[in-house]
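Could you slot chain R onto chain C? The hints should help.
2 protein chains.
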Amino acid sequence: MGKVRVDLNISLDGYATTTDQTPEDPIGQDWNRLTATYVGTRTFRERVLGQTGKGTTGLDNDYAAEYFENVGAEVMGAGMFGLHDHPNDPDWQGWWGDTPPFGFPVYVLTHEDRPTLKMEGGTTFHFVQSSIEDALERAKEDAGDLDVRVGGGVSLVRSYLAAGLVDRLHVAVVPILLGRGQNLWADLREFERGYKVTTEAAPSGVVHVTFAR
Amino acid sequence: MGKVRVDLNISLDGYATTTDQTPEDPIGQDWNRLTATYVGTRTFRERVLGQTGKGTTGLDNDYAAEYFENVGAEVMGAGMFGLHDHPNDPDWQGWWGDTPPFGFPVYVLTHEDRPTLKMEGGTTFHFVQSSIEDALERAKEDAGDLDVRVGGGVSLVRSYLAAGLVDRLHVAVVPILLGRGQNLWADLREFERGYKVTTEAAPSGVVHVTFAR
Chain C
1 MGKVRVDLNI SLDGYATTTD QTPEDPIGQD WNRLTATYVG TRTFRERVLG QTGKGTTGLD
61 NDYAAEYFEN VGAEVMGAGM FGLHDHPNDP DWQGWWGDTP PFGFPVYVLT HEDRPTLKME
121 GGTTFHFVQS SIEDALERAK EDAGDLDVRV GGGVSLVRSY LAAGLVDRLH VAVVPILLGR
181 GQNLWADLRE FERGYKVTTE AAPSGVVHVT FAR
Chain R
1 MGKVRVDLNI SLDGYATTTD QTPEDPIGQD WNRLTATYVG TRTFRERVLG QTGKGTTGLD
61 NDYAAEYFEN VGAEVMGAGM FGLHDHPNDP DWQGWWGDTP PFGFPVYVLT HEDRPTLKME
121 GGTTFHFVQS SIEDALERAK EDAGDLDVRV GGGVSLVRSY LAAGLVDRLH VAVVPILLGR
181 GQNLWADLRE FERGYKVTTE AAPSGVVHVT FAR
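Protein chains in written order, with the numbering used here: chain C, 1 to 213; chain R, 1 to 213.
Hints are computed from structural coordinates only; laboratory data are not their basis. Note that the structure is a prediction, hence the values are computed from the model and not measured. Keep in mind that the hints are not guaranteed to be accurate.
Derived list of chain R stretches under chain C, where covered just means 3 residues or more per stretch with a C-beta under 8 angstroms from a C-beta of chain C [stated by the list, open to error]:
1. 6-15
2. 51-57
3. 103-111
4. 118-127
Each pair of labels, with its calculated beta carbon distance range [what the hints assert, rightly or not]:
5. R:186 to C:1: 37 to 47 angstroms
6. C:36 to R:65: 27 to 37 angstroms
7. C:69 to R:58: 48 to 58 angstroms
8. R:198 to C:52: 27 to 37 angstroms
9. C:48 to R:186: 51 to 61 angstroms
10. R:23 to C:22: 51 to 61 angstroms
11. C:186 to R:24: 21 to 31 angstroms
12. C:186 to R:20: 10 to 20 angstroms
13. R:186 to C:24: 22 to 32 angstroms
14. C:89 to R:58: 19 to 29 angstroms
15. C:141 to R:20: 22 to 32 angstroms
16. R:54 to C:159: 51 to 61 angstroms
Just a sample of chain C residues kept apart from chain R, beta carbon distances all over 10 angstroms, derived [to be verified]:
17. 90
18. 111
19. 180
20. 182
Think of the CB as a built atom: it goes at the ideal place given N, C-alpha and C, for glycine as much as any other residue.
Bound-form chain C, shown alone (with noise of 0.2 angstroms):
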């Protein structure tokens, strides 16, 4: 039976999500500062980007290659789809692509009823009006012995981390303060009761910490 894990990158102060975007700038400054180190590493190049023998190696580079071992599916929120940006519109696919970089069933919680939509390179999304704990059962099915990656966007994250239902948390703590957005770890108290904890800090500054049961 796979594990259900969720990684995300947070700034020191907690937070997950950045608030400086502008119509000139939709992605900010920010999330750039806060995902530098991921994607300077080889395998968000290699996987994200498609580029080969380029980016950092070491521990960074080993986290990052951790996200995309072993999963069989994964759950994410209608934003991280991208339906906040088109709702309703049938014909939007999400801004994954053509070929997103998933390969196995994703999915969706969404109040829209949108049928399911296959896509090349073996990514199916399935938007589903369920609850969250029956949108991981679904997903667990799909993965059998695989895990099970809780994606995004960050509140969904938080339902599941509240819920008990992670088996495994990995943050990289970037050493900024971002001061606003959303924290990772409000209401979250004692979260680490019944994990194991353990701390890696990478030479590049980012801190690695994981919560495992």
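Same frame as chain C, but now just chain R:
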């Protein structure tokens, strides 16, 4: 010229104070969890508890030792001296004992007008009704080439951090989630600008983050 330094234990979610004190347990379990690694170091055992040859060595102890080195004066808030529990009591000499573990001038920021208190072991408490800047200037004059420590509490530390008056902030991030208390990081967006930030993880799981300029 010395540096202005701050050292704190904080939880992974940024809390530097705890809230579970009761009349039966005036320190509280959270404080014990937050400070367990620090209290377990050889330095703490020797310098604060007067025990010799006990406690951990290694990275956590190295940072604990640094806390005591090269300090020539300290600034602290009224609560840390002990005035909040004994307001307007001229006989109260604080809760640091007859021989406080400082051995140098300590400036206590308070609205109470109290005479200077000269204790055994070289500690002199000065009670000042001035601004945080004035108190720091007086401490710097006393410290000379040595450092000035802003000892606490957290709200005073946050005032000094926000005012840009701290040269070196070391936090021992303990991998527990307290979920409540005073958050060190609140409203300190981009505090890292102008500092070199380093991170080190100890085998205990505690992560040492240092902002230095």
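Non-conforming hints, listed in increasing numerical order:
Result: hints 2, 3, 4, 7, 9, 14, 15, 16 and 19 break, sorted rising.
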